[in-house]
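Peer 1: Line by line, the protein sequences give chains A and B.
Residue 1 is where the first sequence starts when you use this note's numbering, and the numbers rise one by one after that.
Residue 1 is where the second sequence starts when you use this note's numbering, and the numbers rise one by one after that.
Just so you know, these hints were derived from the structure itself, not from any lab.
Hints may be right or wrong, so weigh each one.
These stretches of chain A come out as covered by chain B in the derived footprint (C-beta under 8 Å, 3 or more residues) [as the list claims (entries may be wrong)]:
| no. | stretch |
| --- | --- |
| 1 | 27–40 |
| 2 | 68–76 |
| 3 | 170–177 |
| 4 | 243–252 |
| 5 | 425–434 |
| 6 | 461–469 |
Don't be surprised by glycine CBs; every beta carbon is placed ideally from N, CA and C.
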Amino acid sequence: MKKYLISYKIAAVILLLNIFSASCKKDFLERKNPNDITAGSFFETPEQVQQAVNTLYPAMTSVRMLFEQNARGGDATLTSGAFDVQIAFFNFQSTPESGDTDPLWENIYGMIYRANTVLANMDRADWAGEEDLKNSLTAETHFFRGVGYFYLAHMFGQVPIVTKPAETEEEFNPAKAASPDEVYDQAIADLTIAKNGLPIEQEDVGRATKGAATGFLGKTYLYRAGYLGQDNNKALAAAEFKEVIDMGIYGLVDNYEDNFTAVNENNEESLFEIQFSYNGGIGTPQQDRVFNSIPGIGFEIFLRPSEWLMEEMGKEKTIGNEFDPRFLQTVYFHGGLPLFGVPYDQLGDGISCEEGTSVGGAPDGSSSTEGGWWRKYLNVNYSCEPAISEDRGSENNERILRYADILLMYAESVADTDPAAANAALTEVRDRANLPVQSFAGDALMEEIRHQRVLEFTYENTHYFDLIRWNLLEQELMDHGTDAQLENFESVKHKYFPIPESEINNNTNLEQNDPWK
Amino acid sequence: MLVKNTTLGTTTGRDGKFRITSPGKIDTLVISSVGYVTKEIVVRGQANIDIDLVEESKSLEGVIIVGYTYQRKKDLTSAVGIADVESMQKRAVTDVAQALQGNVAGVNIAAGNGNPGSVMHLNIRGISSFSGDNTPLVIVDGVQIEGGLRELNGNDIQSIQVLKDASSAAIYGSRAANGVILVTTKRGDKRSERAKLTYQNYVGVQEPYKGIGLTNAREYVQLLQRMYGEDLSGDPLVPEVAKDYLANPGNFKDYDWQNEIYTTAPMQSHDISVSGGGQSGTFRVSAGYVDQRGITLSTGYKRANVRANSQFFVNDKITIGQSISFSKSTTNMEPFAFSRSVYSQAVKQYPYFSPKLPNGDWQTSSFYYGGGDNPEALIRNPFHYNSIWNGDEHIGDLSINMFAEAEIIKGLTYRLSGSYSLGTFRRANYFGDKGEFQDEYFDPNLSLEERQSTSYNWNVDNTVRYKRTFGKHSFDVTAGFIAQQFGDRFIVGGKDGFLSDLTSTLNGPGGKNPYAEGELQESALISGIGQAFYSYDERYLFTVNFRRDGSSRFAEDYRWGNFPGISVGWRLSNEKFWKDSKISSFITDLKIRGGYGVLGRQNLGNYDYTAVLNYVPTEFNGSVQDGLITGTPINEAISWERLISKTIGLDYELMGGKINGSFDYYHNDTEDMIIGVELAPSVGGGEFQSNEGLINNKGFEMTINYSDKIGELNFTAGFNLGTTKTTLNNIGRELVESEGPEWDVPHVIELHRGGGLSEFWLIKTNGIFKSQEEIDNYKNSHGIVIQPNASPGDIRFVDANDDGEITSEGDRQYIGTGVPKVNMGFNFTANYKNFDLYVGVTGAFGQVTYNAINYIVEQPYGFGNYSKRLLNAYDPVINPNSNFPRLNARDVDDNWNSRPTSDRYIEKGSYVKIRNIELGYQLPSTLLQRVKISSVRVFGRLQNVASFTKYSGADPEVGSSPMPNDDPIYTAGLDRDTAPQARSYMLGINISF
């Protein structure tokens with residue numbers, strides 16, 4: 001009897017163990033990620049390729065760094081609220097370790113990586129009957145890669161050229177291009193494909209167009225001429241700009257302000273702009289120029305218009321003897337336009353909202369009349385709520401390329417060879433600003449072109465790079481730079497930004513540029 | 001049960017009955033049982049014998065729970081530390097981890113923060129993995145409780161064992177690589193005659209922290225005058241208010257802001273428990289409540305616990321048991337404004353800035369007080385911020401464990417146990433109306449965000465154990481099968497722009513811009529385990545264990561790992577030659593042991609081995625289109641990390657137990673460590689998980705306990721010490737810096753390949769220049785003047801790379817590490833008649849600490865309040881003998897004496913803290929008999945009594961810095977925003993019925 005009891009017990013145990021081991025199926029250890037879509041099958045239909053190409057647009061968003069692109073160049077000066085790292089950057093004191101310009105490199109290459117991924121996988125999809133779409137998407141992708149290499153060429157110089165997703169150890173550690181020329185060549189090749197494949201107009205407003213690609217191609221040639229001292233590129237640049245002009249679809253908008261507010265986006269002056277919108281917080285890109293602030297509105301204020309800039313902008317008055325409208329729209333100053341109804345001398349501590357109306361901190365007009373604040377891209381419709389949407393972003397598109405730039409660059413590229421055409425383009429720009437008709441020749445022509453560029457494009461991430469390609473940065477610092485800037489500036493070193501540590505530490509085939517070592 | 005000097009033996013049944021036949025007429029019977037003192041009885045032919053065994057006290061005879069079984073410490077071959085629970089319970093702390101400090105060698109515990117309810121950082125034998133958690137596995141009665149040690153009621157604890165090496169912890173699998181803390185809660189007693197009721201409480205106050213020397217209003221303005229001229233006209237940004245003060249000092253009062261933000265705070269704890277048992281079962285039920293307000297503005301913690309343990313003896317073969325526990329706590333968080341602690345905000349506050357306006361409202365900062373035209377220069381009133389912000393955390397924990405044990409045949413037991421733990425977390429972050437000029441606060445106006453998460457884990461354990469003794473051979477074999485699942489689901493959502501600040505739920509009127517996010521994380525483990533103890537004659541001891549684990553975190557082909565371990569011991573003191581020698585009367589017990597084992601870790605995300613698409617929607621004027629793209633490359637072949645642990649040790653007992661202790665030396669290598677290898681941005685960036693990393697930890701542990709008696713005075717002194725040296729042999733890259741708010745203390749800690757954790761790499765300083773000549777002569781080896789912009793009174797920096805310039809990247813050197821090299825604990829207990837005394841001391845040595853508060857208040861620029869030390873600044877005329885750098889409003893542009901990246905703010909961080917002194921008195925039983933109370937003890941306690949340290953900051957115990965990322969790997973020793981621990985005075989009473 002005991003024996004049976006014992007064997008019963010043993011049997012029971014074995015049975016229990018079996019039950020438990022059987023109930024733990026293999027599936028128990030298979031867990032799928034419930035939060036994401038797995039990459040199992042992608043790039044298989046044209047629709048999926050389209051979705052992939054769409055991701056290139058938000059990638060462009062992060063290729064703008066307000067402070068780093070606008071702080072140097074003389075048109076801006078630091079405020080007392082600037083951080084130590086920013087002061088160091090402004091003074092040309094920063095080191096590769098500070099990492100100020102790293103995000104530019106990282107984000108541009110991020111964009112290039114996406115473009116390479118699309119191009120490498122495009123052929124996997126079934127394009128039967130949709131050849132046109134395939135060509136169009138290919139051209140679109142090349143546009144972004146071309147623009148990417150254009151930025152890299154003039155911001156960083158001699159960089160690795162990566163044209164496909166890495167697979168081997170060697171590919172994960174790409175070496176630098178043999179020369180800066182090669183980088184420009186790559187940009188030119190990509191933009192040419194883009195220009196040839198893109199339509200003149202796109203159904204989805206905001207997509208890259210033939211005009212955008214042509215404009216960037218011209219810009220690439222012109223920058224190459226300046227940065228590498230290859231003047232023959234000017235003619236090539238001129239040809240591209242002429243093509244844009246001859247398309248006949250672009251023009252200057254009457255109201256200069258329309259280029260910087262959400263009221264009249266994607267207007268006839270715009271060749272390419274990044275589309276921003278709140279969209280319920282779904283994750284579409286948003287305007288992040290939150291640093292454009294004035295006292296009382298906004299967050300950090302690091303830069304203000306410089307004395308030199310305000311002088312420069314106030315030099316020439318319009319036909320009606322008023323300040324240049326571009327001056328009035330770019331800077332908030334005493335004698336300029338009121339902002340939300342508050343004149344500059346009533347600013348005081350800042351603009352605030354009282355019962356739905358904006359008021360300044362010194363309504364008696366006792367506020368200082370010196371200096372000014374940035375007005376361009378202020379990204380608020382009015383200071384009282386609900387002006388600024390979620391996350392302090394706004395819906396104001398960022399203009400990347402506009403027709404005024406094409407005209408002035410065209411003028412620049414033909415200034416030596418065809419002064420008449422140069423003057424014609426220049427006059428169009430001056431006309432929009434209501435300036436008296438005037439003709440320029442010789443050195444005065446280039447001087448005026450440079451002057452107009454300052455008036456048009458201040459605070460649009462351009463002036464610093466213009467000075468470098470004109471070889472005038474050092475002169476400019478000597479004329480109206482600060483002592484600290486002069487002390488630290490070195491023309492060879494500061495021609496390009498340093499390579500980020502994140503690249504040098506993780507790429508065995510790349511070393512920091514010599515001037516920055 | 002053994003007949004001495006023969007191979008005859010047997011074991012008793014569960015009922016305690018036994019039967020043994022021996023040919024001899026006179027024999028000695030040796031009776032031993034785990035948990036009881038071995039007894040020898042001489043038998044002279046009696047037919048029946050009744051034997052009573054006495055329960056064992058602490059010492060090598062004590063019982064240890066190891067894995068799914070229990071052993072005597074005598075027989076252990078692996079490194080297990082036993083916590084002194086009695087002295088732990090004399091620490092009036094809300095977090096059991098705090099009580100564990102200094103209690104077990106090799107268990108390194110540091111507070112992240114002194115605020116009530118804040119996280120304690122624990123590691124055992126050093127931090128041995130780079131990504132993922134380094135917290136030891138905490139198991140309470142077999143359940144891996146979600147709430148962790150913080151949610152436990154310390155009074156419920158019966159014993160704590162710490163399993164420190166592979167051979168002891170192997171049975172617990174992954175995460176056991178960080179060590180295991182096994183907690184057993186109190187049970188009822190089978191032999192009780194009646195139920196025992198106990199009530200304990202203590203109440204006390206915590207003292208505000210004293211503060212550092214800051215200037216008062218007059219001194220502050222004097223410093224401004226030294227920099228900006230008598231009339232303060234030297235800079236247009238000098239605040240208006242300072243000029244008004246000069247004109248009319250009488251109009252302003254002086255405020256000591258350090259005083260303002262700290263108050264005395266009460267704390268109390270109540271605990272009641274009932275326990276008992278009988279032949280059919282045992283039970284214990286307890287309930288506890290603890291409430292600790294914090295000395296820092298608006299901090300506090302309170303918690304309620306309930307626990308019920310019971311065991312039922314169905315017959316002499318089957319036992320069923322369960323434990324259920326429930327806890328609920330609320331932590332009032334410190335109001336960090338703009339990523340700064342209340343303290344960092346307070347020390348910069350102007351001495352004449354009143355917290356309140358005459359009408360009773362909190363004063364907000366304004367341009368009148370601020371430094372000119374930029375809101376960033378304003379200093380915020382932490383009281384105002386506190387009045388518009390609220391962020392409490394509510395945590396709940398419910399844990400259940402049930403088991404059934406059945407003896408199948410003699411010596412063979414089957415055990416089935418299942419446990420489930422459910423934790424809930426809720427945090428509501430509310431932000432009210434910012435008011436004028438407060439736009440710089442991060443949160444949107446009138447906003448509410450609610451985060452709710454539920455995490456759970458369950459496990460089912462099936463084990464079979466066979467225990468048998470044949471003569472001198474003793475076996476104890478366990479085998480089993482375990483399944484576990486873990487999950488975490490959270491939802492967070494919010495809105496802003498509510499109509500009024502009375503809103504407390506998302507349904508409040510006026511809320512706009514709604515957003516919601518949520519995620520589910522799950523993982524599972526299946527394991528087969530085996531463990532075997534063998535001992536021969538209680539002299540030669542062997543343990544072998546093996547574990548095979550499969551994890552859902554790895555792809556199918558890489559899913560399984562095998563983890564073996566072995567340890568051996570030699571009980572020298574049981575050898576004949578030892579017993580015969582004279583030394584055996586002095587060294588009464590000596591055991592040498594050594595172990596080697598491999599444990600696995602799965603330190604990566606739950607789903608990392610599968611590639612996912614990134615969702616990137618795009619706007620085209622008027623419509624949103626979907627964007628999807630593959631991400632950066634991932635590694636599908638990622639697999640288990642291995643911790644290879646080696647220990648050798650020695651356990652000894654001298655003079656019959658008067659002195660006992662142990663020594664251990666350990667050497668642990670984490671191989672195949674999962675590290676994220678960064679890809680270069682030019683190939684897309686991102687991180688590639690790879691089994692490439694390598695960390696080594698080694699060190700030494702020592703424990704000594706001494707107990708003695710002098711007349712009526714009994715005392716015990718226990719001392720333990722542990723060292724850890726961590727070497728990061730391969731962490732995927734040469735250099736790692738942590739991320740976090742940089743605007744106060746940028747980049748001072750680095751991790752280097754081949755170095756240790758939390759290392760400070762800073763530019764060395766070497767006094768100040770006293771003359772222009774000194775400056776001109778300070779050249780590098782090529783004759784370049786190193787600091788041409790310096791003036792007398794500026795700091796001389798060391799040009800480490802000899803390039804003639806002082807730069808952050810070229811001139812940093814290794815200064816020290818923020819992680820202590822040696823941790824020590826000392827516990828002293830004494831009894832004299834009815835009095836008892838307990839003193840607890842802990843210490844940490846070898847670390848340096850970065851005093852970030854000094855960095856904040858010693859900057860001469862900006863207009864915040866200054867340290868008194870600036871009054872002694874060098875001045876060529878009035879103070880030429882000082883070694884404190886000169887005042888210079890343009891410091892940043894000139895020599896930047898106050899740069900955060902120099903070793904100016906580094907101080908030695910070693911400390912000894914007297915944590916507790918407790919004096920208790922047991923009321924005489926004669927008094928109590930009349931009221932039918934069985935015992936009453938009253939006591940007084942002092943907590944955080946004193947610190948002995950060279951560190952000049954508030955509290956030398958800086959386990960991590962809460963603001964950057966609260967991760968000790970990156971921020972140990974960085975004293976930025978670490979709230980100090982308060983001294984407290986308590987009175988309490990224990991009553992037993």
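Peer 1: Determine for every hint whether it applies to the structure shown.
Peer 2: Each hint, compared with the structure:
Only residues whose C-beta sits within less than 8 Å of a C-beta in chain B count toward coverage, and the stretch 27–40 of chain A has 12 of them, enough to reach three; the restraint holds. Here's how the stretch 68–76 of chain A fares: 0 of its residues keep a CB closer than 8 Å to some CB of chain B, so the rule of at least three is not met and the hint is violated. With 4 residues having a Cβ less than 8 Å from any Cβ of chain B, the stretch 170–177 of chain A passes the three-residue criterion, so the hint holds. Given a C-beta distance limit of less than 8 Å, the hint that chain B covers the stretch 243–252 of chain A is violated, as 0 residues qualify and 3 are needed.
Using a Cβ-Cβ cut-off of 8 Å, 0 residues of the stretch 425–434 of chain A lie near chain B, which falls short of the minimum of three, so the contact claim is violated. For the stretch 461–469 of chain A, the assignment as covered by chain B is violated, since 0 residues bring a beta-carbon within under 8 Å of that chain's beta-carbons and 3 are needed.
Hint violations for this structure: numbers 2, 4, 5 and 6, all remaining hints satisfied.
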